[in-house]
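J.: Sequence:
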Amino acid sequence: MYSDIYTAATSPRTFALFATGIFSGTTFCVSYASIPAILASKDPLPAFVQTYKKGATIAISIVISAISNGACYYYLKDPRFIWSGFFSFLCIPITKFLIMPINNQLFAMEKLGDDYDRNKVYQLVNKWSSMHALRTLSAFVAFAIHVLY
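Counting along the sequence shown from 1, when you hit position 47 you're at 47 in UniProt numbering, and nothing is skipped either side.
By construction, these hints were calculated from the structure, which means they are not laboratory data. The beta-carbon is built from N, C-alpha and C at its ideal position, and this holds for glycine as well. Worth double-checking, as some hints may not be accurate.
To be verified - No farther apart than 27 Å at their CA atoms in a straight line, the calculated lysine-lysine pairs in the DSSO-like style are these: (1) 127 <-> 53; (2) 96 <-> 111; (3) 127 <-> 54; (4) 54 <-> 120; (5) 54 <-> 111; (6) 42 <-> 127; (7) 111 <-> 127; (8) 42 <-> 111; (9) 54 <-> 96; (10) 127 <-> 77; (11) 120 <-> 53; (12) 54 <-> 42; (13) 53 <-> 42; (14) 127 <-> 96; (15) 111 <-> 77; (16) 77 <-> 120; (17) 96 <-> 53.
Stated by the list, open to error - Label-pair ranges, simulated between beta-carbon atoms: (18) 32 <-> 101: 21 to 29 Å; (19) 97 <-> 40: 35 to 43 Å; (20) 54 <-> 80: 29 to 37 Å; (21) 114 <-> 86: 39 to 47 Å.
Using the sequences provided together with the hints, build the complete structure.
T.: Quick look at the structure:
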């Protein structure tokens, strides 16, 4: 019995399901809890920066999910893992090309101290939220493929 539990716990599908679920859940929470709270604050920039710094380390689950899905396809030859891996991997270019430029603008504004345009921050956080919604959708689709498997 131990070997069955050990095999299940160390299988690529288990890692892929865990990583995809963690990232999907985190992106959902950011979209529906953190961003509205940031936008409701009187000074959204410090709230955004703190949220980002606390949550950035979870992003490694994107890479783990994509690699684990690739391993699942390699071992099981099930095409659903290609799709799950694709949607997991898609979060990487969404982050790099759509979200990071907004992050960079917000972090540049943070370096100004208190001398920044709060209206511009609200605009950037709203734009960030829209781009993050794409990432949330992609992560959710990847996770749904696992759950429905």
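J.: Evaluate each hint against the coordinates.
T.: Comparing the hints with the structure gives:
A C-alpha spacing of about 19 Å is found between residue 127 and residue 53, which places the hinted pair at or below 27 Å, so the restraint holds. The straight-line distance between the Cα atoms of residue 96 and residue 111 is roughly 21 Å, inside the 27 Å bound, and the hint therefore holds. With a C-alpha separation of about 20 Å, the suggested pair residue 127 and residue 54 falls inside the 27 Å cut-off, and the hint holds. With a CA separation close to 23 Å, the supplied pair residue 54 and residue 120 stays within the 27 Å bound.
At most 27 Å may separate the alpha-carbon atoms for a hinted pair to count; residue 54 and residue 111 meet this at roughly 18 Å. Restraint check: the Cα-Cα separation between residue 42 and residue 127 comes to about 18 Å, which is no more than 27 Å; the hinted pair holds. For the suggested pair residue 111 and residue 127, the alpha carbons sit about 20 Å apart, so the restraint of at most 27 Å is met. Annotation: proposed proximity of residue 42 to residue 111 holds, straight-line Cα distance about 18 Å (limit 27 Å).
With a C-alpha separation of about 18 Å, the suggested pairing of residue 54 with residue 96 holds against the 27 Å cut-off. Between residue 127 and residue 77 the alpha-carbon distance is near 39 Å, which puts this suggested pair outside the 27 Å criterion. At most 27 Å may separate the alpha-carbon atoms for a hinted pair to count; residue 120 and residue 53 meet this at roughly 20 Å. For the hint linking residue 54 to residue 42, the alpha-carbon distance of about 20 Å falls within 27 Å, and the restraint holds.
Taking the CA atoms of residue 53 and residue 42, the gap is about 20 Å. The hint holds against a cut of 27 Å. Note on residue 127 and residue 96: the hinted pairing holds, with a Cα-Cα distance of about 15 Å set against a maximum of 27 Å. With a CA separation close to 49 Å, the supplied pair residue 111 and residue 77 exceeds the 27 Å bound. Proximity of residue 77 to residue 120 is assessed by CA-CA distance (about 48 Å); at most 27 Å being required, the pair is judged violated.
For the suggested pair residue 96 and residue 53, the alpha carbons sit about 16 Å apart, so the restraint of at most 27 Å is met. At about 23 Å, the CB distance of residue 32 to residue 101 agrees with the hint of 21 to 29 Å. Between residue 97 and residue 40 the C-beta distance comes to about 28 Å, which lies outside the given range of 35 to 43 Å. A C-beta distance of roughly 33 Å is found between residue 54 and residue 80, which places it inside the suggested range of 29 to 37 Å.
For residue 114 and residue 86, the Cβ-Cβ distance of about 43 Å falls inside the hinted range of 39 to 47 Å, so the restraint holds.
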